[in-house]
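Enquirer: Using the supplied hints, reconstruct the complex from the two chains, each of which is provided in its own coordinate frame.
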Amino acid sequence: GESVGLHLPTLSVQEGDNSIINCAYSNSASDYFIWYKQESGKGPQFIIDIRSNMDKRQGQRVTVLLNKTVKHLSLQIAATQPGDSAVYFCAENFNDYKLSFGAGTTVTVRA
Amino acid sequence: GAVVSQHPSRVICKSGTSVKIECRSLDFQATTMFWYRQFPKQSLMLMATSNEGSKATYEQGVEKDKFLINHASLTLSTLTVTSAHPEDSSFYICSASGGTSYEQYFGPGTRLTVT
Chain A
1 GESVGLHLPT LSVQEGDNSI INCAYSNSAS DYFIWYKQES GKGPQFIIDI
51 RSNMDKRQGQ RVTVLLNKTV KHLSLQIAAT QPGDSAVYFC AENFNDYKLS
101 FGAGTTVTVR A
Chain B
1 GAVVSQHPSR VICKSGTSVK IECRSLDFQA TTMFWYRQFP KQSLMLMATS
51 NEGSKATYEQ GVEKDKFLIN HASLTLSTLT VTSAHPEDSS FYICSASGGT
101 SYEQYFGPGT RLTVT
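Read top to bottom, the protein sequences are chains A and B.
By our numbering, the letter at position 103 of the first sequence is numbered 103, and the numbering carries on one by one without gaps.
By our numbering, the letter at position 74 of the second sequence is numbered 74, and the numbering carries on one by one without gaps.
In isolation and in its complexed conformation, chain B is listed as follows (with noise of 0.2 Å):
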């Protein structure tokens, strides 16, 4: 149980266009979804927290309109990378909460490359 998923898994696109990045639980009901970043050879950094049918929120630093988030449902939030940029260029990973406990379980990640 408690698996979450993320597609695309790998994608590639040109510069100032944007990506739509998919993450769905697909056996239990997501109330809270994270969104991270994380560069080579580095550690997760949270981007952002997302709560079924409200507003995301966004850690300092993060655009929020540059990073736009989605969570209609309960099993899919998805995170938009608007104007990619190079510097954009990040491995994409997901995490999903049933929301009664700490315990995150997250997707597979999405390495996104911006050329």
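Here chain A stands alone, though its shape is the one from the complex (with noise of 0.2 Å):
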């Protein structure tokens, strides 16, 4: 399943299947990319990060991809199991340290 970020919040996958969730970033000046997951009632979560000089990267079981011509960041999550069900966020920072963060896009895994 495919989500378009802003346009599409929720993204409903099927078990077992591969999922991605797209973010459009707002400044090209930003130099780092993270994505974050958010359980109900919970703090977000660190999943995977990535420099702007770098446009993949990999981690377990996920993958980001950076394309900064078009400013736009995504997440693959390989194998989405229930556990994943969750709302995924990007974040960039754009000043210092400070990070913004994007709407956020629900997950549903269905079994």
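There's no promise every hint is true.
[Unchecked claim] Below are the EDC-like pairs computed for lysine to aspartate or glutamate, each with C-alpha atoms no more than 20 Å apart in a straight line: (1) Lys64(B) / Glu87(B); (2) Lys42(A) / Glu103(B); (3) Lys41(B) / Asp17(A); (4) Lys41(B) / Asp84(A); (5) Lys98(A) / Glu103(B); (6) Lys98(A) / Glu52(B); (7) Lys42(A) / Asp88(B); (8) Lys42(A) / Glu22(B); (9) Lys64(B) / Glu52(B); (10) Lys64(B) / Glu103(B); (11) Lys98(A) / Glu63(B); (12) Lys71(A) / Asp31(A); (13) Lys56(A) / Glu22(B); (14) Lys55(B) / Asp96(A); (15) Lys98(A) / Glu87(B); (16) Lys56(A) / Asp31(A); (17) Lys20(B) / Asp65(B).
Hints are computed from structural coordinates only; laboratory data are not their basis.
Expert: Okay, here's the thing in structure tokens:
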């Protein structure tokens, strides 16, 4: 399944399928980007980050892609599991150590 | 490592009273702490940035006299919501940074309900 960030804030995906969550960021000067997962009633949990001098970074079951030309960031989750159900936020560093968060995408995994 | 705690996790207070929320970095020294507010089904909005021993820097639109922030040590920052009103009801989240990287470590959040 695939989301288009602000226009499709929810994503429903079948367990075992791959998920793609998209994010359009605002500041072309941003040099650091992070994906967070937030479960209901909890604080954000770090998933993966990427610096602006890279266009791809892989973690365990997750991959972040950065396209600076169109100011687009995506998070790919392989073999989505029920525990992946949460809200996912992209964040960009825009000023010193401050982070600006995107609107968030709610991911629901269907069994 | 990099654990941040918040206390309390939930608080209910009457309109007009003040509420203090604590944010602690448990296993590292946080030179910078951040306070965010999150309304239901919305994103995190940065309220203020505080550096240990200095005054907090507030984001545009955030009243510094209403949201008092103290960062007296490298492991503790407090947010006091003064004269709380029902519209201040929200999820307040702190984060902490060791200052050597951009990464922020987030606390579990505090649910404030003003009646």
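Enquirer: All the hints need checking, so say for each whether the structure fits it.
Expert: Tested hints:
1. Lys64(B) / Glu87(B): 16 Å, holds
2. Lys42(A) / Glu103(B): Since the Cα atoms of Lys42(A) and Glu103(B) sit roughly 18 Å apart, the hinted pair holds (cutoff 20 Å).
3. Lys41(B) / Asp17(A): 25 Å, violated
4. Lys41(B) / Asp84(A): Since the Cα atoms of Lys41(B) and Asp84(A) sit roughly 18 Å apart, the hinted pair holds (cutoff 20 Å).
5. Lys98(A) / Glu103(B): Holds, because 10 Å separates the two Cα atoms, which is no more than 20 Å.
6. Lys98(A) / Glu52(B): Distance of about 16 Å is within 20 Å: holds.
7. Lys42(A) / Asp88(B): This hinted pair holds, its Cα atoms lying about 19 Å apart.
8. Lys42(A) / Glu22(B): 16 Å, holds
9. Lys64(B) / Glu52(B): Between Lys64(B) and Glu52(B) the Cα gap is close to 17 Å, so the pair holds against 20 Å.
10. Lys64(B) / Glu103(B): Roughly 25 Å between the alpha carbons, so the hint for Lys64(B) and Glu103(B) is violated.
11. Lys98(A) / Glu63(B): 19 Å, holds
12. Lys71(A) / Asp31(A): 11 Å, holds
13. Lys56(A) / Glu22(B): 37 Å, violated
14. Lys55(B) / Asp96(A): 17 Å, holds
15. Lys98(A) / Glu87(B): Violated - the C-alpha atoms of Glu87(B) and Lys98(A) are around 25 Å apart, more than 20 Å.
16. Lys56(A) / Asp31(A): 14 Å, holds
17. Lys20(B) / Asp65(B): With Cα atoms ~14 Å apart, Lys20(B) and Asp65(B) stay inside 20 Å; holds.
Checked against the numbered hints above, the structure breaks hints 3, 10, 13, 15 and satisfies the rest.
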